[in-house]
Structures are given as C-alpha cells and as structure tokens.
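Visitor: Line order of the protein sequences matches chains A and B. Number 50 in my numbering belongs to position 50 of the first sequence; there are no gaps in the numbering. In my numbering, each residue's number is its place in the second sequence (first place is 1) plus 100.
It should be emphasised that the hints constitute simulated quantities derived from the structure, not laboratory data. Just so it is clear, the structure is predicted and the values come from calculations on it, not from any experiment. C-beta: ideal position from N, C-alpha, C; glycine also. Do not take every clue at face value.
To be verified - Calculated pairs, BS3-like style, for lysine-lysine (alpha carbon to alpha carbon, straight line, at most 30 Å):
hint : chain 1 : residue 1 : chain 2 : residue 2
1    : B       : K181      : B       : K139
2    : A       : K48       : B       : K109
3    : B       : K154      : A       : K48
4    : B       : K139      : A       : K69
Unchecked claim - Reference excerpt, derived from the structure (chain A facing chain B, CB under 10 Å, subset only):
hint : residue
5    : T5
6    : L6
7    : D39
8    : A42
9    : G65
10   : R66
11   : V94
12   : G97
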Amino acid sequence: MSEKTLTRMDLSEAVFREVGLSRNESAQLVESVLQHLSDVLASGETVKISSFGTFSVRDKSARVGRNPKTGDEVPISPRRVLTFRPSHLMKDRVAAGAKR
Amino acid sequence: MIRSELIQKIADENPHLTQRHVERIVNTVFEEIIEALAKGDRVELRGFGAFSVKARDARVGRNPRTGEAVEVEDKKVPFFKTGKLLRDRLNGK
Chain A
1 MSEKTLTRMD
11 LSEAVFREVG
21 LSRNESAQLV
31 ESVLQHLSDV
41 LASGETVKIS
51 SFGTFSVRDK
61 SARVGRNPKT
71 GDEVPISPRR
81 VLTFRPSHLM
91 KDRVAAGAKR
Chain B
101 MIRSELIQKI
111 ADENPHLTQR
121 HVERIVNTVF
131 EEIIEALAKG
141 DRVELRGFGA
151 FSVKARDARV
161 GRNPRTGEAV
171 EVEDKKVPFF
181 KTGKLLRDRL
191 NGK
C-alpha cells in the first residue's frame with residue numbers, strides 16, 4: 001500500500017469538487033473549520049464531532065521527568081494536553097480499510 | 101462544541117452560503133480525513149495536528165468478566181498527534 005500524506009490543500013480540493021465554490025473560497029472554509037476547532041479547544045472546551053470523534057482537553061499535573069540520555073532529573077510543569085478519541089465509525093472504517 | 105454548532109458558527113460568518121452548503125463543506129472535511137485514514141494515508145494539518153494510522157500487534161487478551169483468554173487479531177487504529185501551535189495555545193503561549 002503506498003502511503004500518502006494529505007494536507008490542507010487536499011481537503012480544500014475535496015471541498016472544491018464536492019461543493020463547487022472557488023478553490024480560494026474552499027481553502028478559506030477549510031481554514032475556518034480548523035480555526036474554530038482550535039479556538040474552542042484552546043478555551044478548554046471539548047469538541048464532539050458525531051461519527052468522527054471527540055477531542056478533549058486534559059490537565060496533567062507536575063511530575064519529575066528524566067533526561068533519558070543523561071539520567072538527570074528534570075521537573076515537568078503542569079500542562080494541558082489534547083486527546084482525540086476516534087468514533088466507532090472511524091475505528092471500524094480504518095480497521096476494515098487497511099485489511100485486504 | 102458539537103458538529104451542528106460548528107456548522108452554525110461557519111454559517112454565521114458566511115451569510116452568502118446556505119446552511120445546506122456549509123453542512124456539506126464541514127462534512128466533506130471530516131469525511132475526507134476518514135477516507136484517507138481508511139486507505140492507510142496520513143493527514144497532516146500544520147498548526148492543528150496530524151491524523152495517522154498505527155498498527156497494533158495481535159495479542160492474547162482477556163475477557164474482563166470471565167477472565168477467559170481470547171485471541172485479539174492485529175489491527176489498524178486511528179491516531180491523532182496535536183500540532184505544536186495548538187499545543188502551545190492550550191498552555192496559554
């Protein structure tokens with residue numbers, strides 16, 4: 001299976017084909033979708049896209065890490081991380097699609 | 101925020117588009133990502149994050165209720181890695 005990497009350009013192209021707006025406007029709308037997702041997540045709110053998946057923001061507490069090369073202890077400050085939980089539909093399609 | 105709220109926000113910003121159009125645009129974006137992953141491709145959205153497919157080896161699992169051993173086949177699972185810009189924004193940078 002040849003592995004490809006899609007980018008914003010491919011998503012805009014799909015919107016262009018599917019909806020028939022100009023390429024430029026299609027690109028702007030894709031950007032707008034990503035911008036809204038980012039803004040909501042940056043505010044700490046969960047984003048739930050049915051049949052796609054859920055993005056949620058989790059708080060991680062401070063801990064002592066270690067530099068794996070030198071073995072030195074390094075403090076890791078508390079931080080927020082984003083986790084993505086794929087929907088069943090996505091999981092099923094990825095599992096089925098990759099098998100052949 | 102849920103899908104319909106995202107569609108509403110984008111519809112509000114684009115009064116020249118019908119709600120129907122915006123629905124199709126938003127759905128196309130998500131559908132395209134799923135399709136790419138189903139083919140085993142990656143989707144890299146700089147600043148936001150990257151979706152990819154990871155392989156999980158076959159293993160012997162256990163039915164948590166009965167404790168019985170069950171064979172779990174190898175499989176492909178979707179994976180998301182947060183982009184640097186979004187990661188920094190989450191932490192107020």
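Visitor: Below or equal to 30 Å on CA atoms is what counts here, so check K154 (chain B) against K48 (chain A).
Guide: 22 Å, holds
Visitor: Go through the hint on G65 (chain A) and say holds or violated, using the shortest Cβ distance to chain B against 10 Å.
Guide: 16 Å, violated
Visitor: At a threshold of 10 Å, is the proposed contact between G97 (chain A) and chain B supported by beta-carbon distances?
Guide: 3 Å, holds
Visitor: Given the hinted pair K181 (chain B) and K139 (chain B), is their Cα-Cα distance within 30 Å?
Guide: Judged against 30 Å, a Cα distance of about 19 Å means the pair holds.
Visitor: For the restraint on A42 (chain A), tell me whether the closest CB of chain B is nearer than 10 Å.
Guide: Nearest chain B Cβ about 4 Å off; hint holds.
Visitor: Given T5 (chain A) as an interface hint, is the shortest Cβ-Cβ distance to chain B below 10 Å?
Guide: Because about 5 Å separates T5 (chain A) from the closest Cβ in chain B, which is inside the 10 Å limit, the hint holds.
Visitor: Go through the hint on R66 (chain A) and say holds or violated, using the shortest Cβ distance to chain B against 10 Å.
Guide: Result: violated, 21 Å to nearest chain B Cβ.
Visitor: Using the nearest Cβ pair, does V94 (chain A) come within less than 10 Å of chain B?
Guide: 5 Å, holds
Visitor: Within 30 Å, alpha carbon to alpha carbon, are K48 (chain A) and K109 (chain B)?
Guide: 15 Å, holds
Visitor: Holds or violated: is there a CB of chain B closer than 10 Å to the CB of L6 (chain A)?
Guide: 5 Å, holds
Visitor: K139 (chain B) and K69 (chain A) were given as a pair; does the straight-line alpha-carbon distance stay at or below 30 Å?
Guide: 37 Å, violated
Visitor: Does D39 (chain A) pass the interface check with chain B, least Cβ-Cβ distance below 10 Å?
Guide: Given a least distance of 9 Å, the restraint on D39 (chain A) holds.
Comparing the model with each earlier hint shows violations of hints 4, 9, 10; every other hint is respected.
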